[in-house]
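Peer 1: For reference, the chains in residue letters:
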Amino acid sequence: MNTDLTNLDAAELGRRLAVGEVSSVELTRAYLDRIAAEDDVLGAYLHVDADAALARAGEVDAARAAGEELGPLAGLPVALKDVFVTEGVPTTSGSRILQGWRPPYDATVAARLKDAGTVLLGKTNMDEFAMGSSTENSAYRPTRNPWDTDRIPGGSSGGSSAAVAGGLAPWALGTDTGGSIRQPAAVTGLVGHKPTYGSVSRYGLIAFSSSLDQAGPMARTVLDAAVLHEAVGGHDPRDSTSIDVPVPVLVKAAQEGAHGELAGLRVGVVRELGGDGHADGYDAGVLDRVRETVELLAGMGAEVREVSCPAFDLALPAYYLIAPSEASSNLARFEGMRFGLRVGDDGSRSLEEVMSLTREQGFGPEVKRRIVLGTYALSAGYYDAYYGQAQKVRTLITRDFTAAFDHVDVLVSPTSPTVAWPIGARVDDPLAMYAADLCTLPASLAGLPAISVPCGLSDGLPVGFQVMAPALADDRCYRVGAAVEAALDAARGHRFLDGLNERTTA
Amino acid sequence: MSDALVDYDELLTRYEPVIGLETHVELGTASKMFCGCATTFGAEPNTQTCPVCLGLPGSLPVANAAAIEATVRIGLALGCRVAGWCRFARKNYFYPDIPKGFQTSQYDEPLCTAGHLDVEVDGETYRVEIERVHLEEDTGKNLHVGGATGRIHGASHSLVDFNRAGIPLVEIVTRPIPGAGAKAPEVARAYVTELRDIIQTLGASDVRMEQGSLRCDVNTSLAPTGSLEWGTRTETKNVNSLRSVERAVRYEMRRQAAVLDAGVRVLQETRHFHEDTGTTSPGRSKEEATDYRYFPEPDLVPVAPDAEWVEKLAAELPELPAARRARLQEEWGLSTTEMAWLVNAGALGLVDATVAAGATPGDARKWWLGELARRANDAGVELSELTVTPRQVAELTRLVAEGTINDQLARQALDGVLAGEGDPAQVVEARGLAVMGESDELVAAVEAAIAGAPDVVAKVQGGKVQALGALVGAVMKATRGKADAATVRRMLEERIIGG
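Line by line, the protein sequences are chains A and B.
Note that the first sequence ends on residue 506 in the numbering used here; no numbers are left out.
Note that the second sequence ends on residue 1005 in the numbering used here; no numbers are left out.
Hints were generated in silico from the structure; no laboratory data involved.
Listed below are the simulated DSS-like cross-link pairs for lysine-lysine, each with C-alpha atoms no more than 27 Å apart in a straight line:
(1) B/597 with B/647
(2) A/368 with B/597
(3) B/965 with B/983
(4) B/597 with A/392
(5) B/988 with B/872
(6) B/743 with B/597
Isolated chain A (complex conformation) (with noise of 0.2 Å):
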């Protein structure tokens, strides 16, 4: 098995293949071979065609002996969260009421790595239908975090970050609508990062709450997901929300801030995210980590202050009243009439009962507990109350991180209070399950862009830096994602994730 490919970072891998060190079957074969030999444990995908992946992979081995001229991307194996929709590939969104849907069509973010010459290597787990924080709400089978296979890898995009972390992808795309990118990658060791409302496409993307569902990616090192940004970002005249404005220059920021350099740039730490009389339900490990890498900016020439953002006390509540009201809409045309599941149409029964029944039957727990919780939200009499309400502490929160982006030109924090917690132990505890999101939930209201990056270890567990940036100023996450990533690496002398493959081959 060639472990020494599938710890390697994208941007390597890439390089290896222009130069012909290595054949695009061969690494996809590794993966492939990985997956088969770990993913019984780790449960990081739902879906994964070796043979159709394989062929791929040939095609573009023979266009690359043909002469053709590609892509950077051309030859690199990717994975996809399940939430994308795949054109003839199964595609659950993690829920028992899509299962055997294989799509008509490619989601926008899918075709444009297809385009480049991406080798799909399957769909990742996740929490069903994106609702959770642990992957536990899978309706197919937990995910283990590679760090500790006793633990959850985050959610709802846990099946990504298992995989990448674990060497099962070289990369793989995530969505991210509360924290759903950036609290799986900082329990898995990963960079993740949640680009701008509207800088990614969202056509193709099954939705949970639409006002927030935001596409990213999940990697191992900042330059490798700045490239796989690049490689899906950017306007899509099928999503109206999306933004048009020219792909960012994402890659470039993001060598840059390797360098280090960071005279003058303005950094806020906010209090309300674990800061004094803000660090209830925070690990103290968590806590110093940031506080460490917050000195480690200050070092490199930053100038750090601290920030208030009283709104961000209310994005809890606020986020669990949007989310769940767009999400009962949005899981309304999931009736089992055109597709997926359906159940107890045996020509006895009314139009009514077989939808009840499929979804009774097709949804899970949580899915169920979010769309009562957005039903009652949106009905009439109590809109103002819940909606309405929750529509103003966003644009609340929205004043907060404008106001403080009039004083710094980025935000800091822990990207999750805690490590990954072991599997289990706050299934019952849905608030529990909900506070994983706190630091993240702000910048998710505002459509904001946030990275997370590793910033050491916590009990032996990766702890996330989050670097929150103005609308369309995610290369300043990239930037200092990156000069955090550099810095430690340094002084660490390995890549993050190294120590992961140390410890798993001790």
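Since chain A is already given, all that's left is putting chain B on it; use the hints.
Peer 2: Just chain B now, kept in the frame of chain A:
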């Protein structure tokens, strides 16, 4: 079970109606409201669909700019205020013909508000206030198979055709219309007629009720005469023709009067109109709950019509039917009654076009209200469905005015045009219909007529000049109408009485 009904005239002695209309117009845009699918009527089921209008997971809507423009133009034509900023909203309910589990519509932020439309009934003008004009998407169509009636009751299974799903639909809602009294049914009909003509003039839709591109829900309520409060209204759906609009209101008034007379409260409900019997019956409730849980559609950006653009659209509106009627009435020097005749016959546009093609207003009216109306009536079609164009009618009148043909020959020429033989001049040529000059043939026919009726000749010579008519008729018959009657008369006089 048939409803108890009160005599119409009698109910008016005790009750006053209030009506209201919700009209849905399918826009004639080339593509659907939120995707690029075609909108052709009558295509094979489910051939004009894509992931978006099928509501497949992951698909997203993109608003059709042409539909927004058409809606704004309709709003402007109705004197509405156009919103500077508004949003689409989701109307959530389950039904197999709405693929997403919600209909994308507009809720408390319609594109156009506060307009009005004046309609005329029997010389009296009624102002209908328009509450709102908003844009939404149409639903699919359920086809119930296996039953006798095509209705869901008794069907073995149902199929859904999503070709219609996502076609842009404009909803025009009136404010309640009180004060029409006995004329309420006619006012309702006149309103829908006028609205249809406006939208047709705008070119926004083909507004064909029989194809469902214009659909009407009629609200009716009755209250005791003099009451300060309005009664409970019913909403009658499935009203598929102008005549039905009038009948539906009249029927509901008579039915509700009987309910109220019996001391029972009118049920607030949706009712279905039955074209064949002219009655209404309680409709099956489409959704059990009436809480649609509206909220702003997060997948679409707000619509913010630029003020300058709206002004430009307003300035570029075509002449609307009312203004056009007033202008033509004056230009043609018609009385109000004559104008009403033209309008009611559906001939206004045809006459106008015929005049534009060169006919005199008098000739154009004479043809469309006379010969052509007869032909349409005989064939059981609308005037506009006759296979003769205003330009061809104008040509007929020109040929008559020039003396190339007479009225009788013109009717024969029209036969040819309707039979698809070409333009009038071509038909005249091909059928040899031109009026005869003083040819040998005509001279022979005149002389034959004189020779064949010595008694008539004697009468004429005896001073009964009017008897000449019989001889003219004989000549015309002999020449199969191709002779000019005045010429024939002169020739007869020359020969019998002397020049």
